[in-house]
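Undergrad: So the chains spell out like this:
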Amino acid sequence: MGREECEALAKRVLSFATADETRVTINSGGRGNTRFAVNQISTGGDNYDATVSVRSSFGKRSGVVNTNKLDDASLRAAVGLSERLAKLSPEDPEAMPELGPQTYLEDRGWSEVTASLDPSARANAARAITEPARAAGLISTGYLETQAGANAIANSKGLFAYAKQTALALTTTVRTEDGTGSGWAGATSHDFTKLDPAALGARAIDKARRSVNPVAIEPGRYTVVFEPTAVGNLVQFITNAMGARNADEGRSFFSKQGGGNKIDTKVVDERVTITSDPLDPEAYGNTFSGDGQPLSKVTWIENGVVKNLAYDRYWAQKQGKTAVGQSGTIRMSGGTSSIEEMIASTDRGILVTRFWYLRPVDPRTILYTGLTRDGTFLIERGRITRPIKNFRFNDSPIYMLNNLEAMGRPVRVSASEAGGPGQAVIVPPIKVRDFNFTSLSDAI
Amino acid sequence: MVALDAARSAGAQYADVRISRNRNQSINTRERRVQGLSDNETFGFGVRTLVGGAWGFAASSDLTRDEVARSARQSAAQASANRAALVKPVVLAPAPVTREGMWRSPIKTDPFDVAIEEKVALLLAANEAALKVRGSRFVNSSMFFLREEKTYANTDGTYTVQTIYRASPSVSVTAVSSDFSDFQARQSTDIAPMGRGYEHVLDSKLVENAPRWAEEAVQKLSAKPVEVGRYDLVLDPTHLGLTIHESIAHPTELDRVYGYEANYAGTSFVAPPEQMLGKFKYGPEFMNIQGDRMQDGSLGAVGWDDEGVQPETFLIIKNGVVNDYQTTREQASWLEWWYKQQGKPTRSHGCSYAQNWSSVQFQRMPNVSLLPGEQNLKWDDLIAATDRGIAIVGDGSFSIDQQRYNAQFGGQLFYEIRGGKIVGMLKDVAYQMRTPEFWNAMDMIGGKDSYWLWGAFGDAKGQPSQSNAVSHGCPPTRHRGINVINTGRGA
Numbered sequence: 010m011g012r013e014e015c016e017a018l019a020k021r022v023l024s025f026a027t028a029d030e031t032r033v034t035i036n037s038g039g040r041g042n043t044r045f046a047v048n049q050i051s052t053g054g055d056n057y058d059a060t061v062s063v064r065s066s067f068g069k070r071s072g073v074v075n076t077n078k079l080d081d082a083s084l085r086a087a088v089g090l091s092e093r094l095a096k097l098s099p100e101d102p103e104a105m106p107e108l109g110p111q112t113y114l115e116d117r118g119w120s121e122v123t124a125s126l127d128p129s130a131r132a133n134a135a136r137a138i139t140e141p142a143r144a145a146g147l148i149s150t151g152y153l154e155t156q157a158g159a160n161a162i163a164n165s166k167g168l169f170a171y172a173k174q175t176a177l178a179l180t181t182t183v184r185t186e187d188g189t190g191s192g193w194a195g196a197t198s199h200d201f202t203k204l205d206p207a208a209l210g211a212r213a214i215d216k217a218r219r220s221v222n223p224v225a226i227e228p229g230r231y232t233v234v235f236e237p238t239a240v241g242n243l244v245q246f247i248t249n250a251m252g253a254r255n256a257d258e259g260r261s262f263f264s265k266q267g268g269g270n271k272i273d274t275k276v277v278d279e280r281v282t283i284t285s286d287p288l289d290p291e292a293y294g295n296t297f298s299g300d301g302q303p304l305s306k307v308t309w310i311e312n313g314v315v316k317n318l319a320y321d322r323y324w325a326q327k328q329g330k331t332a333v334g335q336s337g338t339i340r341m342s343g344g345t346s347s348i349e350e351m352i353a354s355t356d357r358g359i360l361v362t363r364f365w366y367l368r369p370v371d372p373r374t375i376l377y378t379g380l381t382r383d384g385t386f387l388i389e390r391g392r393i394t395r396p397i398k399n400f401r402f403n404d405s406p407i408y409m410l411n412n413l414e415a416m417g418r419p420v421r422v423s424a425s426e427a428g429g430p431g432q433a434v435i436v437p438p439i440k441v442r443d444f445n446f447t448s449l450s451d452a453i
Numbered sequence: 006m007v008a009l010d011a012a013r014s015a016g017a018q019y020a021d022v023r024i025s026r027n028r029n030q031s032i033n034t035r036e037r038r039v040q041g042l043s044d045n046e047t048f049g050f051g052v053r054t055l056v057g058g059a060w061g062f063a064a065s066s067d068l069t070r071d072e073v074a075r076s077a078r079q080s081a082a083q084a085s086a087n088r089a090a091l092v093k094p095v096v097l098a099p100a101p102v103t104r105e106g107m108w109r110s111p112i113k114t115d116p117f118d119v120a121i122e123e124k125v126a127l128l129l130a131a132n133e134a135a136l137k138v139r140g141s142r143f144v145n146s147s148m149f150f151l152r153e154e155k156t157y158a159n160t161d162g163t164y165t166v167q168t169i170y171r172a173s174p175s176v177s178v179t180a181v182s183s184d185f186s187d188f189q190a191r192q193s194t195d196i197a198p199m200g201r202g203y204e205h206v207l208d209s210k211l212v213e214n215a216p217r218w219a220e221e222a223v224q225k226l227s228a229k230p231v232e233v234g235r236y237d238l239v240l241d242p243t244h245l246g247l248t249i250h251e252s253i254a255h256p257t258e259l260d261r262v263y264g265y266e267a268n269y270a271g272t273s274f275v276a277p278p279e280q281m282l283g284k285f286k287y288g289p290e291f292m293n294i295q296g297d298r299m300q301d302g303s304l305g306a307v308g309w310d311d312e313g314v315q316p317e318t319f320l321i322i323k324n325g326v327v328n329d330y331q332t333t334r335e336q337a338s339w340l341e342w343w344y345k346q347q348g349k350p351t352r353s354h355g356c357s358y359a360q361n362w363s364s365v366q367f368q369r370m371p372n373v374s375l376l377p378g379e380q381n382l383k384w385d386d387l388i389a390a391t392d393r394g395i396a397i398v399g400d401g402s403f404s405i406d407q408q409r410y411n412a413q414f415g416g417q418l419f420y421e422i423r424g425g426k427i428v429g430m431l432k433d434v435a436y437q438m439r440t441p442e443f444w445n446a447m448d449m450i451g452g453k454d455s456y457w458l459w460g461a462f463g464d465a466k467g468q469p470s471q472s473n474a475v476s477h478g479c480p481p482t483r484h485r486g487i488n489v490i491n492t493g494r495g496a
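Protein chains in written order, with the numbering used here: chain A, 10 to 453; chain B, 6 to 496.
Just so you know, the hints here were simulated from the structure itself, not pulled from any lab data.
Note that the structure is predicted; figures quoted are calculated from it, not measured.
Warning: the hint list may mix true and false statements.
Claimed, not checked - Covered stretches of chain A (in silico footprint by chain B; criterion: 3 or more residues with CB under 8 Å from a CB of chain B, positions within the stretch not fixed): (1) 175-187; (2) 357-369; (3) 375-388.
As the list claims (entries may be wrong) - Within a straight-line C-alpha distance of at most 30 Å, the following computed DSBU-like cross-link-like pairs (lysine-lysine) qualify: (4) Lys327(A) - Lys137(B); (5) Lys96(A) - Lys20(A); (6) Lys398(A) - Lys284(B); (7) Lys113(B) - Lys96(A); (8) Lys137(B) - Lys96(A); (9) Lys271(A) - Lys432(B); (10) Lys284(B) - Lys93(B).
What the hints assert, rightly or not - Here are some chain A residues pointing at chain B (derived, C-beta under 7 Å): (11) Ala46; (12) Gln49; (13) Ile50; (14) Asp58; (15) Leu97; (16) Arg136; (17) Ser264; (18) Ser450.
Backbone N, C-alpha and C fix where the C-beta goes; we use that ideal spot for every residue, glycine too.
Generate coordinates for the entire structure from the input sequences, incorporating the hints supplied.
TA: Here it is as C-alpha cells:
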C-alpha cells in the first residue's frame, strides 16, 4: 500500500474510535517464494495480505485487535472489540501515553526489481543453481524468498509514520549423490540485482565436492577461522541480549554483579565495535519502532566497551535514560586479514562455514550450543588439508570475541537459520583461539 | 468451487482450496500487570494446483469471486513456470473421497466465550501466589487460544469443514540471588498446550501450582553443579516429549529422508528407506512409536488433513525396528514397494498441513508417541531401580544436527539419584547423545498409568518456515550410561 492509501485507511479506522488514545498499525505486502529440491522446483507460493492492528487505551487500560478484513463494518467491529478489551483490562502501571508527531529518517530500502520479481524470474534463478549441480552429478536444494511491503503507524495524537521495504534471500545446499559431502552458500539483500545465483551455486558446489568423506578428529578447544556467515550466526545473540531491563533486573549477561548493568564495562576485545544503523547502505533497517519512536544509528559496543543497551520508553523514563530502540540491522567492525591469510597463519585449526540449530543454554553467559554444517575443514601448517566431521560446540559469542586473533572485511550475510531475509547482519570473517567443541556429529 | 473450476480451466490436473478463518487471543502478564491483551483474526484462502506434475500455490485475503478465480489462475501459471525445471513429476496416491465431512475439536468450553476479566484475574492470581514464595523475583504468565475454521475442497470431490481449537496456558518464575551473581528460571513444563478448550486452563490449576514452580526456581539457585560423566538418566514425560520430537519424529519425516528439506531442516539418518524399513534397530524390542492425528486432546488431532485425507494410526517403530514413515499423498507412492511387501494399501497417513491460509501445505509430523510398556511401572519404580543417576523433569535447552544424530538436551529440574533414592537437586545439566545409541540404551519404560501427553506449538520446518503444533505422548523411561556435561561457566 502506498503512503496515501495507508493514511486514508488509518484515518478511516481512527474515525471509528472513541477511546482516549488509539494507535493504528498497517502492515501490507506480498511475499513470493520458490523452493527447489533434488535439482527441481518442489513448491512455490505467492500471497498478498494487509492487516490492521488497533490499539485502544482508556487511561492506563489498553487492548489490541488485529484483523485483515478491511471493509468498514469489519474495521468498526475491530475498533469496538479493541475498546471493549481495553475497558476490561486492569490498569497498567507501566502504560505510556501515545507519542505526538515525530520526524523520521527517510527510508531507502525499496527495490522495484525485487518487488516485481515473478515466479518465472524466480524459477530462472533456481535453474542457475540446479542445472550446473545436475551437470556436475550433484544434488541441489534451495530457497528464494522475496518480500515487498509497507508498514505504517498512525495515532489519535497526529503521529504518522510510513516506510516501504523490499527484502530477499537466496540460499542453497548442494550434496553429493552418495550423501558424504555437503556445501552451502547464501546471500540476502533488499535488491535482487545484488545477488548472483550462479556464483552462489558455484560456491556451494565447490564446498560439496571438497567436503566429501570427512574424517573424525577429537572434540576440544581449537583455533577456528569463522567465515562471515558463522560469525553472523553468533554475533546477533549479543545484540539480542542487550535489553536494559533484564540487565537492571539481574537476569542477563549484561547485569552487573552487585546491581546495575554493564554500560561502560569492557566485555569483548577492544577491536570490536557493533552498531545498528537504519541507513546503512548495505543493510537498510527500520526507521521507526512499533510505537512510532524514531530509530537512528546506535553504537552498542565501542572498542569492546558496552555503550548502549535497549530501553523501551517506560524503562528509560523510570531509569532516567533516553529510549533506545533496535532498527533490525547489525554491523560489526572488521580488520584487514583475508580468510586465506587467517588460514596461512594457523598451524592447526578448523574452518567453519556456518552453524545450525543454535539454542541458548545459559543466559548468564550468553552460552549457546549448536553444530557446524555444510563445510567444516581441518587447517594444518597453514593450509586446509581435509574435510572433517561436524562438531557440536558449547560456547558464548562473548568468549569468542574475547579470544580474537584476526578480523577481515565485513560483508552482509544470510544469518537466519531458516534461510529467510531475517535481520540484516554485516560481519567480518574472524580467527579465534580456544573455541569449545564438545562432541562429534555424524551428520553430513 | 470457483477456485477449482478456474484451476481446471487453467490446465490443472488436480487442485485444492482451503478457506480459513483463524482467530487467536493472547494475554500476557508479568508480576502484577497485564503486558498485552490481543485478539487477532485472519481470513483468506489458498489454492494449490498440479500442472504437468509440478505444484503451484497462490493465496489471498480477498474472498471475492474474481479474486478467487484470479488466484487459481496465478497458482496454475506458477505451476507451469515451476515445470520448467521438472525432473520427476508428482504422483498422488489415491485417497478416499469425503463428500461432506464435519469435524470439531472435542472441547467443553469455547475459550472465546469466557470473559477476559476471568482470564486476567486467574493469571494475576497465579503471579501473586508465585511472588509470595520467598526469593522468587519475577513471574510471567500467559494464555493463548486458537480457533481455526477451515473449509477444504479438492477436484477429487472431497469437501470438509472443520473447527480446530488449541489452548496454551503457561507460567515462568525467575529467582535472582541476593548478590546478583546467579538467576534461575522454572517454566511450567508440566502443563502442555493441548487441543482443548478453556477447560484445559482450569484443569491446569495455575494458582495452586504457582508456589511450587516458584519454590523450585529458588531451589535451583542453591542446587549443586553437576559433575561431568556418564549417568543413568530417568526421564519424566514432561522432558521426554521433546527428545522424542527431535530424535524420532523429525528423522522419520519422509520428505527429509529424500532430501527435500536439505537446505534448512536437513535430511535424515533414517535413510535410505530400503535399508531401514524392517531392518534398522532404533531401540529395544519394547519400543513402539505410533504416529496419529487422532489422540483425544492432542494438538495434532483433526478430522482430515490439509489434502482431505482422514488420518490413521500407524506404527513408525514396531518392536524396536523402523516400520514406516510419515507421509502425504505425494510421498506415499514413494514407498509402494514396502506397503506391497507388507500387504498394505499405498495410502497417505494424513500428514499434510499448512499453518494458515497463506501458506502451502506440505508434510508435517503428526502426534508421534512412545507407547507405554506392558508392565505398569511408574516414575518411582524407575528411580528405585537406579543406583547412580540423574532424574530430569521438564524440557529445557535443545539442539540437534541436520540428520538427527547428535543432540543435546537440558531440562527444568535435575535430581541426583543414589542407591534408588533422590538425594538432592543438581544444576547446569545437559546430556549429549547419538540418537541410535540413546534409544538402544533405554532399558526401562513406564506403563499406561504414567503415560502423559507433551505438546509444542513451535515445531518449525519448511521454507518459508511454518509452525506446526503437535503432541507427543510417552511414559517415563530410563537410559543407561548417557554422557552428561556441565553448562555453567562464570561470566
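Undergrad: Are there three or more residues in the stretch 175-187 of chain A whose C-beta lies within less than 8 Å of some C-beta in chain B?
TA: holds (count 4)
Undergrad: Given the hint that Lys327(A) pairs with Lys137(B), does the C-alpha gap stay at or below 30 Å?
TA: Status holds; Cα separation ~25 Å.
Undergrad: Min Cβ distance, Ile50(A) to chain B: is it shorter than 7 Å?
TA: The hint holds - Ile50(A) has a Cβ within 7 Å of chain B, the shortest such distance being about 4 Å.
Undergrad: At a Cβ distance under 8 Å, does chain B reach at least three residues of the stretch 357-369 of chain A?
TA: holds (count 5)
Undergrad: Restraint: Arg136(A) near chain B, CB-CB cut 7 Å. Satisfied or not?
TA: Interface hint status for Arg136(A): holds (5 Å vs cutoff 7 Å).
Undergrad: Measuring from the C-beta of Asp58(A) to each C-beta in chain B, is the shortest one below 7 Å?
TA: holds, 5 Å
Undergrad: Going straight from one Cα to the other, do Lys113(B) and Lys96(A) come out at no more than 30 Å?
TA: holds, 27 Å
Undergrad: Given the hint that Lys284(B) pairs with Lys93(B), test it: the Cα-Cα distance must not exceed 30 Å.
TA: holds, 28 Å
Undergrad: Hinted pair, alpha-carbon criterion (30 Å max): Lys398(A), Lys284(B). Please report holds or violated.
TA: With a Cα-Cα distance of about 26 Å, the restraint between Lys398(A) and Lys284(B) holds, given a limit of 30 Å.
Undergrad: Tell me if Leu97(A) is really an interface residue toward chain B, meaning its C-beta lies closer than 7 Å to one of theirs.
TA: holds, 4 Å
Undergrad: Take the stretch 375-388 of chain A, compare each residue's beta carbon with every beta carbon of chain B, and decide whether three or more fall closer than 8 Å.
TA: holds (count 5)
Undergrad: Closer than 7 Å between Cβ atoms is the bar; does Ser264(A) clear it against chain B? Give me holds or violated.
TA: holds, 6 Å
The structure shown violates none of the earlier numbered hints.
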